[in-house]
Amino acid sequence: MGKTLFDKIWDAHIVRHLDGGRDVLYIDRHYIHEVTSPVAFLGLKNRGLTIARPNQTTATADHNVPTINQHLPVKDEQSRGQLDTFEANCKENGIEHFGLGHEKNGVVHIIGPELGFTQPGMTIVCGDSHTSTHGAFGAVAFGVGTSEVEMVFASQCIMQPKPKKMKITVNGEMKKGVTSKDVILYIIAEISASGGTGHFIEFTGDTFRAMSMEERMTVCNMSIECGARGGIIAPDQTTFDYVNGRENAPQGEAFSKAVDKWKELYSDDDAIFDTEYLFDASNIEPMITFGTNPGMGIGITTYIPTGTDLEGSDKISFNKSLEYMGFIGGDKMIGKRVDYVFLGSCTNGRIEDFRLFTNAVKGYKKADNIIAWLVPGSKAVAAQIVTEGLDKVLEAAGFEVRQPGCSACLAMNEDKVPTGMYSVSTSNRNFEGRQGPGARTLLAGPLVAAAAAISGTVQDPRALFNL
Amino acid sequence: MALQKFSTLTSGGVPVEIENVDTDQIIPARFLKAVERKGFGDNLFRDWRYDNQNNPIAEFPLNNPAYDGEIMFASKNFGCGSSREHAAWSIYDYGFKVVVSSFFADIFKNNALNNGLLPIQVSEVFLAEAFSEIAKNSATTFSVDLPAQSIKIDSTGRTESFTIDGYKKECLLNGYDDVDYLRSIIDTIENFENK
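Line by line, the protein sequences give chains Z and A.
Take 172 as the starting number for the first sequence in the working numbering and just add one per residue.
Take 0 as the starting number for the second sequence in the working numbering and just add one per residue.
Derived from the structure by calculation, the hints contain no laboratory data.
Bear in mind the structure is a predicted one, so any value in this text is a computation, not a measurement.
All C-beta atoms in this analysis are idealised placements derived from N, C-alpha and C, irrespective of residue type, glycine included.
Just the calculated beta-carbon pair ranges, DEER-fashion:
| # | chain 1 | residue 1 | chain 2 | residue 2 | range |
| --- | --- | --- | --- | --- | --- |
| 1 | Z | G343 | A | S6 | 54 to 60 Å |
| 2 | Z | R187 | A | G40 | 34 to 40 Å |
| 3 | A | T162 | Z | D247 | 42 to 48 Å |
| 4 | Z | E585 | A | S6 | 42 to 48 Å |
| 5 | A | T7 | Z | E447 | 40 to 46 Å |
Straight-line C-alpha distance at most 30 Å; calculated DSS-like pairs for lysine-lysine:
| # | chain 1 | residue 1 | chain 2 | residue 2 |
| --- | --- | --- | --- | --- |
| 6 | A | K75 | Z | K333 |
| 7 | A | K32 | Z | K246 |
| 8 | A | K194 | Z | K179 |
| 9 | Z | K503 | A | K75 |
| 10 | A | K75 | Z | K491 |
| 11 | A | K96 | Z | K333 |
| 12 | Z | K434 | A | K194 |
| 13 | A | K75 | Z | K486 |
| 14 | Z | K335 | A | K96 |
| 15 | Z | K491 | A | K135 |
| 16 | Z | K216 | A | K96 |
| 17 | A | K168 | Z | K333 |
| 18 | A | K194 | Z | K432 |
| 19 | Z | K216 | A | K168 |
| 20 | A | K194 | Z | K333 |
| 21 | A | K194 | Z | K174 |
| 22 | Z | K486 | A | K151 |
So here's chain A without its partners, still in its complex pose (with noise of 0.2 Å):
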């Protein structure tokens, strides 16, 4: 399945400001019974977003009318546990498209930019100014630009360069995926295989 193409952004931010942000929590288990790649979104943070009677919980900020935007900003070891790609998928599905953090797992990191959703490492410094502009107002803006590899808070200018897989950035920008990649050397794979 062919990458949408990322360059530029300029949105909100929606903070999700806890640490240690496991798999099990973007997506709990028992929505992982889908044999398709649908929907995924309406059961993001599923058991934070709404209580045992379905009940919408006010204080979760996707559920704050405030926020809003394509980037979601999370604390530190965001996407640990299971290494279930319906995180990525969901997150994604809601409609996000950056994920930026202090620190990422690493299986995540890795399922985020082969579907498309690029995850930005950023300093604490730089995560807790963020944190802190979208308290003071909740329409502040950030900027993304892939190509420069850099991520800025519009409101105060400060502006971070993070690192991504040359590779990785590539297929963003191009919307390539790897199966593809992987099937044009098909021949160099089996002369591997016969060594």
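Next up, chain Z with everything else stripped away, as it sits in the complex (with noise of 0.2 Å):
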């Protein structure tokens, strides 16, 4: 019997079977952040260990920083003291530190790729649950809590039984208007917030084919929104492409030997998924969420859902999803009250999220109920934006970009949207509070977060902007 891509890659980096199904699985690539390592470190200093591969662990500082001013000292205490515990923690134990202000500082799952860090038939491991990002490269790669950052620190392995495995399957061009963003969204919106469970998934077929590494990045950034462990795409040349000469990627003949390698990780024809799923892309039109969980999409033309057909204890939910909202069921989004729009986060915060939402509002100018948060997701996107002169597109149209961060996607930092405000928002998360307490967030992607910038409403983008 065949083997999948992601049993190819999880059996290539078992140290030991253990009795009751888990596998010590050794780990390639360890990401590491401000708020899941300090009590990891701690509890490493209280073994009276150190880090065990310092060379293979890639520290950046992104959830807890400020967006504005970050020359300055960082003004709420304890989140200095936390960037300060993690930088003398990483000089402590001989780890490369990206911290706040490097030119290669960023949001972590943003640096590995452009640094080239992150790469195919790796296992890569962080202290969270997006790490599921670096999927795209077609490597094994998922969020872990806390003592598992520490069992990485102590030994470079963690223990893990191996999940069930997922094959999801979309065909067919993507309409115009549609972005990647908006075919997880759907993905999620057709098998729900926990359809995922214990799985791996797989994404095939040709609409991933013809993406590039930034639209994978995006479709893998929110298989945990499903409930997956993570999600993953065969390498093929446009991966090759995209990791080809960069500074941690292997160079010259190395890289060659690498690309010979890489290019036996796919699926085989016979291999067995646990569960499988075929969706066609000329169906999926650009999306929004209306509730309080990512599986709470419609395309955004459509009617907010009435949840008649729902009993008990589901009903209940949807109903106090809604009514967090300020929605009615069967209402059009449509037409409907914006006050803040976030374009960034380890969803959309790459170089291609930017050029997408500046072509949109070039030439327009921004409402005046909008407040808006652009965050580049590192130091190198920023650098690009103004390279390419974005800048001053978006400032011609009334925008500023801030400084890179996590920002408002989980509003750890300052950027917090208001009790009872409506945020369109281009990150991962609608819970209840995600960004800010009382805030309500509707899920989109870039085009829906600039046609929401521009008429200060929930429009749809290709109509607004004559896509």
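With the hints in hand, could you dock these two chains into one complex?
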């Protein structure tokens, strides 16, 4: 029987199989950030240990950083304490640290690929659920808890049972005005916010094949939002071209050899998946969420479900969600009031996202009622925005570009949406209070965000921008 | 850090009858700035327990003095969303030893097990009966037996067995921890690296 792509990589990293089903799994690359690592560092220290493999560890400050005036001392005392602790821990353990203001600083899932640390065939973990992003390269990448961060510190291994395998195939050409974010929001809406639990997803089909690496990262990033451990896409020429020449990727002859190995990373024809789904890209329109989990997404021109078909606790949860959002079932999304627009995060904070947004708003003016936070995912993305002159176009349209960080995606810093306000956000979660206590989040792609920023309401970008 | 041992428990239950409880609700991100594992229980379900003036919200079950116990009952898909282990820490620090649901998100389940908090997955029928028994009598008790892998609603006698990874069961029963195990096979890991 053939093997899935996931099996090939997982099996090649098993150090030992334990009775009861767990594998001791070797980790090639460990990304760390300031929020989920300090207790692990403390645990390590209390055991009298130091980091096993500092050279396989990459550190960046992102979750808890301000997105303006990064040259000044961080105002919030606790945030500053966490950043200082992180820097000291990295120094003590010989880990390269891309702190605030460092030219390589940025959101962990943006800088990893940018710097060429993320490569096909690797196992990658980080104390962050959106580690699934790196699966876009044909890597087995997933989020872990702080106990597991400590395990990797101590041994470069974790212990987990192998998940089940799911295959999601999408074929066909994406319609005009539809982005990869819409594709993944569509998938999550179809299979629900828990539909992938217990599984690792492989995304296949010509829709994904036609996507750029950045688009694929957006898709794999949100695999966790349907409950899956991670998502993976088999590497191809698009992947190799992206990795080629990056700072920490194999160079010259070593690169050619690596590509020969990477070409073997695909699911065999007779590989068996536990669960399979098939979708047609031509059914996907720009998406937006109306509720408080990422599975509550609909096509932007359609109507909020009424939930009349639901029963019991499902119905209670659905009604609670609409009440929180201040929406009524049966209403249409088009025309709904918007107060904030957030472009950024590990989901949509890359240069292609900024290009999409900028090209859309070019020649228009930001709506007066909108507060817009445009937050590049990294210093490198911020620099590229300037190189391409996107900042000038955005300024002319009434926008400013902030400094990199996770920002309003989880609102740990000052970028919080006030109670009761509506935010069209290109991030990944619309949970109650995610963007600030009482904040109401509408998840969408960069084009829907651009349309909201210009019109001050929810609008179909295809109609507004004549796409 | 060694785990506290767990074997059997008889206790009242606290009902959180809400589906899809994500870890942002269990512990909002603004409380993740600590660099030590201390006091997270104070902020468990912060925005459901307190209003924006920091007054307790009476309807939320954790604020209802009638409910008492070390077992939390929650509706399906508990612990979805962010991987923050602070969610498991805050539940444990608050005083819960067991969380019962009809469905757990993967990362949360793993984080709970790594911290001595036992996640027990039961059927929808069992969970509904547990909620209804607590509603009838908030002092109703439940008995958890980890060696036998069973949970019982003491008032009705309904008993269900649950599954748990054999290795994790041993860890909980004996208070072992994964790092100790991994360090004990460090030579095997190094041999793997040199392969």
